[in-house]
Amino acid sequence: MTIIATGLSAARSGRIILHTTDVEIRRGERIGLVGASGSGKSTLGHALIDSLRAQGASVAHVPQSPDEALDPLRSMAFHWREAEQALGLALDPSRKQKLFAALRIEDGDLRKRPWGWSRGMQQRFVIAMALIGTPDLLVMDEPTSALDPVVAAGMMDLLDRYLSDRRTALLLITHDLGLAAARVLRLMVMAEGRIVEDAPTPDLLRVPRTEAARSLCAHRNWLALPC
Amino acid sequence: MLTVDGISVARGRTDVLRDISFTLAPGRTLAVVGESGAGKSTLIAAVLGLVALSKGDITWMNRPVRHCRPALVMQEPRSAFNPALTLHRSVMEPLRAGRLPGDPVRLTRLCDGLELLPDLLERRPSEVSIGQAQRIGILRALIATPPLVLFDEPLSALDAVTQKHTARLIADLQREEGFAALIVTHDLGYAAAYADEIAVLQAGQIAEMGPAQDFVTSPKTAYGLTLREAAFALGALEHVA
Amino acid sequence: MRVILSLLLRAAVVLAGTALATFTLLWHAPGDPALAIALARFRSVVPDAVIEQVRVEAGFDAGFWPAFLSWLGPILLGDFGQSSVTGRDVWPELVTAMSYTFPLALSGLAIGVALSIPLALLATRHPGGWLDRFAVALASIGVAIPQFWLGLLLILLFAVQLGWLPAMGARTPTHLILPALTLGLTVSASLTRILRSGILEARGRPFLPAFRRRGVSEAHLTRNHIAPHAAIPVVTVFGLELAFLLEGVVMVEVIFARPGLGIFLVGAIEARDFPKVQAVVILAALLFVTVNLLIDLLYQVIDPRIGDRDA
Chain A
295 MTIIATGLSA
305 ARSGRIILHT
315 TDVEIRRGER
325 IGLVGASGSG
335 KSTLGHALID
345 SLRAQGASVA
355 HVPQSPDEAL
365 DPLRSMAFHW
375 REAEQALGLA
385 LDPSRKQKLF
395 AALRIEDGDL
405 RKRPWGWSRG
415 MQQRFVIAMA
425 LIGTPDLLVM
435 DEPTSALDPV
445 VAAGMMDLLD
455 RYLSDRRTAL
465 LLITHDLGLA
475 AARVLRLMVM
485 AEGRIVEDAP
495 TPDLLRVPRT
505 EAARSLCAHR
515 NWLALPC
Chain B
7 MLTVDGISVA
17 RGRTDVLRDI
27 SFTLAPGRTL
37 AVVGESGAGK
47 STLIAAVLGL
57 VALSKGDITW
67 MNRPVRHCRP
77 ALVMQEPRSA
87 FNPALTLHRS
97 VMEPLRAGRL
107 PGDPVRLTRL
117 CDGLELLPDL
127 LERRPSEVSI
137 GQAQRIGILR
147 ALIATPPLVL
157 FDEPLSALDA
167 VTQKHTARLI
177 ADLQREEGFA
187 ALIVTHDLGY
197 AAAYADEIAV
207 LQAGQIAEMG
217 PAQDFVTSPK
227 TAYGLTLREA
237 AFALGALEHV
247 A
Chain C
24 MRVILSLLLR
34 AAVVLAGTAL
44 ATFTLLWHAP
54 GDPALAIALA
64 RFRSVVPDAV
74 IEQVRVEAGF
84 DAGFWPAFLS
94 WLGPILLGDF
104 GQSSVTGRDV
114 WPELVTAMSY
124 TFPLALSGLA
134 IGVALSIPLA
144 LLATRHPGGW
154 LDRFAVALAS
164 IGVAIPQFWL
174 GLLLILLFAV
184 QLGWLPAMGA
194 RTPTHLILPA
204 LTLGLTVSAS
214 LTRILRSGIL
224 EARGRPFLPA
234 FRRRGVSEAH
244 LTRNHIAPHA
254 AIPVVTVFGL
264 ELAFLLEGVV
274 MVEVIFARPG
284 LGIFLVGAIE
294 ARDFPKVQAV
304 VILAALLFVT
314 VNLLIDLLYQ
324 VIDPRIGDRD
334 A
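Chains as they are written, first to last, in the numbering used here: chain A, 295 to 521; chain B, 7 to 247; chain C, 24 to 334.
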């Protein structure tokens, strides 16, 4: 099954921040949505989620930081139960065990509140919650920037392994082309509220056709910069 | 020359920093990498004299560091400025604090070097982009010609393109000005590309320290290797090694 | 557990401090307390010998610390002594006064809560809308109006003009209505402001959009996530509010000539009846410390991060 969303657009206080855009994502595909800050990446992500939800597809979203996903006053068990209920699923201990094992959070004490866990574990818990309903698409918005590199890399590896044989597609939203290139096979480049380029990762890195993609490619490298 | 000689910093019964020693010569750059909680920010506070040392000594040219009036560039560029003042007033603060005369030529030269249009300084912090705010933060740090500049995660609030652009501007200015730079960062790619030496901080101790290129090609400790692998996995090191 | 112990210890320290401060104030109060007592008792020119006798009776002659200890001992055992004016036991009179004050304080509080919750909910439905601005204006006026004036207005309207309710005294339950209303309106004004800002702040918490995107229903979100966050500032302010409530009770009782703690205290101060004044002060401190202790314990349930910063 291919996920298709057409006619996505958004405006804020009279200014168009996302021009009419269509997005097509194949089953299990991994896509990077890259662009400078303010290019409309997150806006497109949200519009995509809303549109797919309206179609009845299941889409999950993982925000940048666990602080934006967990209520500090509620226990982890409460969050989990709530997420299952929101999807209308019966409580299923085996599903929980499987996800917890895949994301290496089996040892977390569910009676604790979020701040009783390390940030890396909080983030993996949020991802596990997002995967409860085996969604068609998982949208991750800058998932690594609030974490230490070691923790972030571990998280991305676990997620990769979990998604490798499943139908869930991944949309990785990031300003960092280096990160996206290391993680996905197809890249969409955004600039000024439009997708200006959409190509397989190696092709885009080899021949960036637009100004935005060229800038991202050039600044992917810490050493060689255009003058 | 900055000399950090066997310092420890205690908080309660535990040591946040333990037996840290290194030297940093003018014009050179030392990057301190490590995860949150490893003691990176405490190290900066210790060099600035903001926390008490339980052991050891920190000097600049054999005198207490504060005599050289070190400058600090912080992570969050906007919140580093007083929102009620124009940026120009904030930038001039180090001169007022040191009762130094303003030098319009130097200001213009630094603005050029940081690619800042002078009339940008008449705005307030909320009226410039984050990237501009961070370059203005660097301008403020350099205005009084400090021999030592500390950078606390100077790029992590910026996007990937702006990060690399700003890193280049910092390096160019350092070549002209000759200040010593102590950079705390979690971005190994940045450290590898711009630092002369890398120190890996783990649980308050220096796990390993050496020339940046050596570290990227062959870390000496298991922890150093973990850091390097993580940087590769996140695409931060690809073109360096 | 360690947190609870340290909270109890803190409460004990506050009470001991209050006792010491009360006694110090009385010790150094202007005027000779022994003279005042003697004057109040005999209502005429008193010979020096009588004043000296009063001084010895009250233990004022032995110096500060012995006097403090001989003063504190009986109080710890719950004995507030005899009125230095009438010579009757303080405790039964205090109980009678409290039997008038507590119904007033509780009904005032109940009216305040009953008015402020719906008002805050209505106001926050459309923040910045006309209803919100109206509620904020009303609450500001309510906080600004002094209670003695509000009480007089209510007496003018309901007792004098309409003749529906009694204005003075405390003989029947209907005597409670006007004082409780006076107190309740003031309490509701400040409570509405706190509730309103608490709700607005809770609605702006950064994690809420993620919960909505997860498919959590709005009703569930309000009940389980917004309400607890909105409750935190309310609980915090409640402890402070208690002081204003006590102050208000004294004021309102005097306006409505209700023989509660307010009249008891004012009468005692005018007569320099130290044992009575002490009894009220210590009772108020005990109440204050108990309520704040309960609030701190409540924090442990709602949000253990508060007051546990070492962990």
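Read the hints as simulated data drawn from the structure, not as lab findings.
Just so we're clear, the structure is a prediction, and the values are computed from it rather than from any experiment.
Cβ atoms here follow ideal geometry from the backbone N, Cα and C, with glycine treated the same way.
Be aware that one or more of the hints could be misleading.
As the list claims (entries may be wrong) - Taking lysine to any residue pairs in the SDA-like style, the calculated list, with each CA pair at most 25 Å apart, reads: (1) K406/A - T41/C; (2) K226/B - E214/B; (3) K406/A - L231/C; (4) K406/A - D430/A.
Unchecked claim - Computed beta-carbon distance windows for the label pairs: (5) L317/C - A228/B: 49 to 55 Å; (6) G322/A - L28/C: 32 to 38 Å; (7) A228/B - L31/C: 31 to 37 Å; (8) L310/C - A395/A: 29 to 35 Å.
* To do: Would you pick out the hints that fail for this structure and give their numbers low to high?
  => Result: hints 1, 4, 6, 7, 8 break, sorted rising.
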